[in-house]
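Asks: One line per chain: the protein sequences are B and G, in this order. Per full-length UniProt numbering, the first sequence runs over residues 1 to 312. Per full-length UniProt numbering, the second sequence runs over residues 1 to 282.
Derived by calculation from the structure, the hints in this document are not laboratory data. Just so you know, not all the hints are guaranteed correct.
Said to hold, decoys possible - Subject to a maximum C-alpha distance of 20 Å in a straight line, what follows is the list of computed DMTMM-like cross-link-like pairs (lysine to aspartate or glutamate):
id, chain 1, residue 1, chain 2, residue 2
1, B, Lys154, G, Asp49
2, G, Lys106, B, Asp9
3, G, Lys176, B, Asp9
4, G, Lys173, B, Asp9
5, G, Lys48, B, Asp149
6, G, Lys48, B, Glu164
7, B, Lys217, B, Asp200
8, B, Lys217, B, Asp197
9, G, Lys48, G, Asp174
10, G, Lys176, G, Glu166
11, G, Lys188, B, Asp9
12, G, Lys66, G, Asp182
13, B, Lys12, G, Glu177
14, G, Lys44, B, Asp146
15, B, Lys12, G, Asp182
16, B, Lys12, G, Asp174
17, B, Lys14, G, Asp49
18, B, Lys83, B, Asp146
19, G, Lys106, G, Glu166
As the list claims (entries may be wrong) - Not close to chain G: a few residues of chain B, all C-beta gaps over 12 Å, as computed:
id, residue
20, Ser166
21, Ile169
22, Gly281
Quick caveat, the model's predicted, so the values are computed rather than measured. Glycine included, every Cβ here is placed at the ideal spot set by N, Cα and C.
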Amino acid sequence: MAHSGPMTDWRKAKLPVIAFLAPATIIYTLFMIYPLLDSIRLSFYATPSGGEAAFVGLDNYRTILADPDWSSTFWNSFWNNMKFFAVHMLIQNPIGIALAGILSLPQLRFRNTYRTMMIMPTMLSVVIVGFIWQLILSPVWGVGADLLDIIGLKSLFGPWLGKEGSALITLSFISVWQWVGIPLMLIYAALLAIPDDLVDAAIVDGASHFEVFIHIKLPLVLPTVAMVSILTFVGNFNAFDLIYAVKGALAGPNFSTDIMGTLFYRTFFGYQLQLGNPHLGATVASLMFLIILAGVLFYLFAIQRRLARYQL
Amino acid sequence: MSFSNIRREDASRAVIVHAILLTYTLVALYPIFLVVINAFKTRKGIFKDPMGLPNADTFSLEGFTKVLAKSDFELFFYNSFSVTIITIVIVLLLAAMAAWALSEYKFPGNTVLALYLAIGIMVPIRLGSVSILNLIVDLGLINTLTALVMVYVAQGLPLAIFILTEFMHQIPKDLKEAARCDGVGEFKIFFAIILPLIRPAVATVAVFTMIPIWNDLWFPLILAPGDGKQTITLGVQQFIGQYVTDWNAVLASLSLAIIPILVLYLIFSRQLIRGLTSGAVK
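Chain B with its partners taken away, still in its complex shape (with noise of 0.2 Å):
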């Protein structure tokens, strides 16, 4: 970490020192490291009916992971993840990336209006852009196959939300369209770093804008688009209330929209004749913890680390 130069001893202020710190580090410490931590340690415990609980081991994961009953939920839920990561990561950042682009260029009128529009599907609660959609695609209102038919695209519509083959891609794409404002906002403000000279030198050396944005911003923000993806990664490894507002904690049709999010929720909780399990939670939890970390630890050795040597 960068510091501005010598730092106070705090030999000489132990009291405001200890006082400054202790306030956040303890409600952090109990309602978020404790519970995270407590979390796992409750993945290796069940309670019998009627029992008190006890140490099992690795069961809950077996149970989980290798079930019958289980395994093939768990493994759908956790490709249909994959899947909607996918989307983020090739619709999503891509559009972002485009547009913070574009609004990078210089002397471009109206820059701020564009932006603070496009970024307000950010602003509202997932919840609420869910039932949007839903009203919109609805078949019942019809509103959707009108829109398509102004750009003569009208025998595409289809009940997208209800189809088990398209529900998936149709949630990925309201989320997208929900969430393109973080790497809006996110690229725009690193491009927005670049010094001037550095792209001055290029366009009076006869490039394009274009060829500016590809050969010299975009290597530029690549630490950018980095940490972009891994937000992206664990943003989709956590989503629940879009699926859950728009499908329900079933995550119909025939659990084709099922994530991790929604898994865990219905593990924990139960859902119509199956009783919620705090223990099979709390693994489902703990292996969600497990999946984000590894993205999280890809991101700082393998990518961060290559990516800073070419750092200005």
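Fit chain G to the supplied structure of chain B, relying on the hints for placement.
Replies: Same frame as chain B, now just chain G:
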């Protein structure tokens, strides 16, 4: 190339650029616009002419009257407001104190503590929900807004501390040294000199803390789902679940949830972007 050719090329490029930006702006805004205008129509108007603005024939507030009569929207708003405002104030104060200590004083374990407090930026607090629920039950806080505040403070602190620590490094040394020479105490330096100085970063931190809290469904659903304690997001979700076929009421409830956040956003968007682009977030 002659001068006029260059100008024509510039003009046509500007047209393409604005066409792309306008198209995307429409894609981003039209769905929201569509829901809001239809909330002000009769049921007939909603189905006959969904894309038209409400006119003398189709204008109606029946959706809003129904929502306000059949559910406690005022209460849900009040709940969301209290939870959000109290959380922001606590997060800002505690995060500023911690960020100041981390950036100003040299003590053993400084870097380790900073890293420890940063874990929460990447690891979602939701993954600890099973244990959080146990904890909240043990504390007797189930179905209270206090439970939400506690969890949201813990959720908001890591990013707030990170942003504010970066920001505090930029505070000129002379200011605090001058105060120290005058014999001003460490607490007074923080509360009288430093706290007022971080105002520019406050808006950024507040927005980043506020949006996820206001919009959250998960914790209200598991910690405070009961009567009278719902936040606006959970309230709308439950209301729509109940009145799913009543289009007027559904559209009106969505609009009631959308409009305040959009107004707040339009007020604060400038500060948010300024905070982002001034390097408060790296």
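Asks: Of the hints stated earlier, which fail here?
Replies: 6, 9, 12, 17, 18, 22
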